[in-house]
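We have chain A already, so just place chain B on it with the hints.
What follows is each chain in one-letter form.
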Amino acid sequence: MRRILLRSKSWRASLPTPFFPFLFALLLPCATAAQTPLRVAAAADLEPVLPPILAQFEQQTGVHVDATYQASAMLTTQIENGAPFDLFLSADMGFPQRLIDAHVADAPDSSTPVPYAYGTLVLWARKDSHLPPPSLALLSNPDLKRLAIANPDRAPYGRAAVAALTSLKLYDTLKPRIVTAENIAQAAQFVDSGNADAGLISLTSAFTPRLSSSGSYFVVPRDLYPPIEQGAVIVSKSTQRDAAHKFLEFLLSPAVQAQLAKSGLTPVR
Amino acid sequence: MDWQAFFLTLRLATVTTAILLAVAIPLSAWLVLGRARQSAATGWLAAVEALATLPLVLPPTVLGFFLLVLLGPRTAFGRGIAALLGHPLAFSFDGLVVGSVIYSLPFAVQPLVAGFAAVPSPLLDAARILGASPARMTASLLVPLARRSFLTAGVLAFLHTVGEFGVVLMLGGDIPGSTRTFSILLYNQVENFDYRAAERTSAILLCLSVLALALIYFRAQGPRAQQPKTQEPGARGRA
Chain A
0 MRRILLRSKS
10 WRASLPTPFF
20 PFLFALLLPC
30 ATAAQTPLRV
40 AAAADLEPVL
50 PPILAQFEQQ
60 TGVHVDATYQ
70 ASAMLTTQIE
80 NGAPFDLFLS
90 ADMGFPQRLI
100 DAHVADAPDS
110 STPVPYAYGT
120 LVLWARKDSH
130 LPPPSLALLS
140 NPDLKRLAIA
150 NPDRAPYGRA
160 AVAALTSLKL
170 YDTLKPRIVT
180 AENIAQAAQF
190 VDSGNADAGL
200 ISLTSAFTPR
210 LSSSGSYFVV
220 PRDLYPPIEQ
230 GAVIVSKSTQ
240 RDAAHKFLEF
250 LLSPAVQAQL
260 AKSGLTPVR
Chain B
0 MDWQAFFLTL
10 RLATVTTAIL
20 LAVAIPLSAW
30 LVLGRARQSA
40 ATGWLAAVEA
50 LATLPLVLPP
60 TVLGFFLLVL
70 LGPRTAFGRG
80 IAALLGHPLA
90 FSFDGLVVGS
100 VIYSLPFAVQ
110 PLVAGFAAVP
120 SPLLDAARIL
130 GASPARMTAS
140 LLVPLARRSF
150 LTAGVLAFLH
160 TVGEFGVVLM
170 LGGDIPGSTR
180 TFSILLYNQV
190 ENFDYRAAER
200 TSAILLCLSV
210 LALALIYFRA
220 QGPRAQQPKT
230 QEPGARGRA
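For the record, the sequence lines run as chains A and B. Numbered according to numbering that gives the first Met the number 0, the first sequence spans residues 0 to 268. Numbered according to numbering that gives the first Met the number 0, the second sequence spans residues 0 to 238.
So here's chain A without its partners, still in its complex pose (with noise of 0.2 Å):
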């Protein structure tokens, strides 16, 4: 017992003055954060889009929001096993109806989620491609080596993908040049490090200064594919209900709405 008391008495010696304070000051924020904040779980594609509509709700309501971006899939795994998040926004209505069915989720006043806005599909190539720049007639193209898209089994916007270029009757030639990455972030990447010739990603990747910099989208008509429908639920579980409500509220404010469509999102109002 005394050597040991002794050993850590040494140990406390050979620690530099300022340890102390700087543990403390450390630590500190822990202690002060009272208010807890609005934990937000967000599909991939509201990356660009959601910061600073995020900065506006904390300026006007004082409510601090914390959100992560994943793959919608994956969130609802984790929500499913008791992430603590209290809101969900999804970049489709399956999941986030999935959550619901299994009580683990509500919708306010419905048994649905709430559409929030409408993604937009686009096909993107690097401005210096070898290849004319996006169009259909790209897709086409017999030299088109590698097309890159969102796995179809879990991403909305791969789903899309495959749904329009089955309405073009090219998915079967397209197939095997077709590599599947994890989510449209990743899809983009595959493009823009050049080892994918053309991607099909959402119209807000394509937007943010990286890739409206260093290539150019092309819209893929809205008939072509099912409308990819975006839909938030609240985490059954959440205490912070009200957070979550007034959130969702802002979110579909027109000033917010009119913002989503600066981004690359189609307002649902």
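Because the hints were derived from the structure by calculation, they are not lab data. Even for Gly, the Cβ is constructed at its ideal location relative to N, Cα and C. One thing to keep in mind: the hints can contain errors.
To be verified - Computed beta-carbon distance windows for the label pairs:
#1 K261/A with V56/B: 37 to 45 Å
#2 D127/A with A213/B: 52 to 60 Å
#3 D100/A with E198/B: 18 to 26 Å
#4 G42/B with Q34/A: 51 to 59 Å
#5 D108/A with A213/B: 54 to 62 Å
#6 D127/A with A202/B: 41 to 49 Å
#7 T67/A with A134/B: 49 to 57 Å
#8 K261/A with A113/B: 55 to 63 Å
#9 S212/A with W43/B: 36 to 44 Å
#10 L169/A with T52/B: 44 to 52 Å
#11 D127/A with V56/B: 29 to 37 Å
#12 T74/B with T67/A: 27 to 35 Å
Frame of chain A, contents of chain B only:
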């Protein structure tokens, strides 16, 4: 059951392990012999050893992303390789081999360095005084005396490649028969809420890994028991 993915993974792991042993033996021998001689190149040795250990530090997806960019047509290196092979490396089996070799390099080099370093230095000194070249010392001393670490290096490199996920996810593009490995298949099944299939896939993966490991370690037990008897006269005869 997707046996195609299963055999693809075995093929990837076998090719990777073969390449890794071929690369790691001279590399580890160079590191150990250089260290023993305390030559002027110690700075180089430290740098090379650090580089060979680096894949342990980098998150696999980051490593995969760097490789995707490096092997892509936007770098001179990537264009050179594409011209050499006739096709770009990303989204191909060859690309996965390159990724796996880099990713599993520390798992082949570390056991070999440890094994070579355990060879008694008087033996190496004697060999050097008698004028043996580093290649001769490697072939006649390091390799036979450290042969048990080959097993460890091979098994670790093989299994690490079988379980490889992040690099394949970034570099592969999920193409059946060419880049959809067992771990990607398993991930797809989990992500698609197909838990039944995922349980089956992981059960097969676990059973076969345990079986393979048990077999290898069982076989490794035999020679070890006899080693003290056979090694002594052998070492004396050689000296």
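Hints broken by the structure, by number, lowest first? Hint check: nothing fails, all pass.
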